[in-house]
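Take the sequences, apply the hints, and build the full model.
Read left to right, the sequence shown gives residues 1 to 63 (the UniProt record's numbering).
Please keep in mind that the hints were generated in silico from the structure rather than gathered at the bench.
Hints may contain errors.
Pair ranges (Cβ atoms, derived) [said to hold, decoys possible]:
#1 K47 to K7: 36 to 44 Å
#2 D60 to K14: 23 to 31 Å
#3 L61 to M1: 37 to 45 Å
#4 Q36 to A15: 39 to 47 Å
A quick note: this is a predicted structure, and the numbers were derived from the prediction, not measured.
All C-beta atoms in this analysis are idealised placements derived from N, C-alpha and C, irrespective of residue type, glycine included.
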Amino acid sequence: MIVVNVKENESIDKALKRFKKKFEKTGALKEVRARQHFVKPSVARRKEVIRAAYRQKMRDLDS
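Now the structure itself:
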């Protein structure tokens, strides 16, 4: 459970922004989306390898 204490004279917008940041860090929404359908382990591995190759390619272009 995420708790955000609202300080005195603090706007609701700032408190909401802090809540959103904490929520994003937990990765709850990402996990919910991932659990909507089953992904075979082999497919997940293949996807991760493709993502890693893309990241490496982008790093090589920067250097």
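_Earlier hints that do not hold, by number_ = The structure conflicts with hints 2 and 4, although it agrees with all the remaining ones.
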